[in-house]
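Quick mapping for you: the protein sequence lines, in order, are chains A and B.
The first sequence runs 142 to 423 under this note's numbering.
The second sequence runs 47 to 310 under this note's numbering.
Since the hints were derived computationally from the structure, they do not count as laboratory data.
Some clues are possibly wrong.
Unchecked claim - According to the in silico footprint, chain A covers these stretches of chain B (three or more CB under 8 Å from chain A): (1) 96-106; (2) 119-126; (3) 232-240.
All residues carry an ideal CB built from backbone N, CA and C; glycine is no exception.
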Amino acid sequence: MTLAANSPTSFPPATTQRRPSPRPRRAASASTFGISLVTLAGLIALWFLAARFGWASPLFLPSPADVLTQFSAVAADGYANGTLLDHTLASLGRIAAALGVGIFVGIPLGLLMGLNRWVKGIFSVPIDLYWGLPPLAYLPLLIIWLGIGETSKVVLLSLSTFAPICFAAQAGVRSVPVERINAALSLGASRLQLFTSIVLPSALPEILTGLKIAIGAGLSTLVAAELIAAQSGLGYMIMSAANFLATDVVFVGLIVIAILAFAFTSGMRWLEHRLIPWKGKL
Amino acid sequence: MLRIRDASVTFPASDGQDVHALDHVSLDIAPASIVVAVGASGCGKSTLLNAIAGFLPLSEGTITLDGQEIVAPGGDRGVVFQKDTLLPWANVLDNVALGLKYRGVSRGERHERSRHLLELVGLADFAEKPPYELSGGMRQRVGIARALATDPKILLMDEPFGALDSLTRETMQQLLASVWVKTGKQILFITHSIEEALTLGTTIVVMSPRPGRIVARFDADFVRDFAESGDIGPIQSHRRFIELRQEIRSLIHQPEGARTGTLQ
């Protein structure tokens, strides 16, 4: 940057030379992607070999070909009162409902808890208390109260997605740097403007992190709930297959759940990239 | 005119001994002047600025701006912080326009005014960039432009160049001097650098810690020369500059020495 020593009226514009290149970061993520792909291929190859040379009985480890055949059979003809799509949609529907409750109740309540001492005082104790309990421990109670139908499952899942989202929203509000608030106030922000233009966007990274945790918690609770009391869903399908030692169908169920989990993770990563490309930058 | 009368700020401390961060300070800041408060850490200079900004309530005394008492932060006092407080999700232009947006100025008008200010601070080509792609010095320039955008009555600057390297710092001092000449804003500038205080201030107040108070004030007029020549060298070798620097230095170091003397 040159300093124009004899031009008091126009300050020298900054040169464009200081433009950080995004290349190093991209290169790093590309290289791990390749390595991960090789790992995945290696695992599948190992599975092939184990089945091919009979390292384990097909009862314990069905061959990839068997699983693939079973996959199309379950997809077309169904298993345990429904096709693979039926079970997948049943599970997805439950988790979507639970995430909806978590987002539409958890985010506003968490924000309020971060902003207001009274709201925090009233709600933090009950949430802390139930969040410490394993969901499967109070599932029987929910079944007694709400019956064995969809309600008890959706409530169980909602409880497991609600808390992490609510905590995250609350932590997001608390994490807003005080200087940022002061800066907005000295620019003349009203309370509402302060909330919408500063607090909410500042809390967004934490809220998205909470959403990721909620999806993980939801998925694990979902399958567990369907293992115990359900007439449909991927967990139910796996449990039914296990009762008949149909290990290949168990594998099919596991693969679908793994794909769902991967899709959720990728979706969240995409969402973070779109909504908060600035995360951790300033 | 900013009028500070008998302003005190006392913090309760855990050992029961209250900390007098600011002890009966009185000071006037006239229009079109740059008042620089200089002193060692803990002398209350940042406390003074925070009280004027409205971030911190006074325990005693009053601060008025054009006759109106200051009780809360407000858009009539622009603040430039040591650590930049730009919003990472908005580009440089929208950051500068933030205060205008709060005032309900239309999008077209606030962008036009903000582009103007970015030109003033030499960042016209960076309007669309996110702030995190800018260097520390550039971010502070955006901060200055943002504080000026709402045309505040006074600009409060809390060690704005303290975190910058010395070369960037000199550039920024020149920028501020030229901005001041062009806008004629009244400015309160906080620093711990005596050279910076003398280079920029039309009035320099020297503060001392425990309790935080003003121990001396000097008038200086190097800033106009500096804005005109852009060269810090001849100014800093000016005889009067050297004398004042020596005097302020001994004022800042004296109480510290006296205190350790009484302890021993």
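The hints, checked one at a time:
1. 96-106: n = 3 at 8 Å, threshold three: holds.
2. 119-126: Per the Cβ count (6), the hint holds.
3. 232-240: violated (count 0)
Hint 3 from the earlier list is the only one contradicted by this structure; the remaining hints agree with it.
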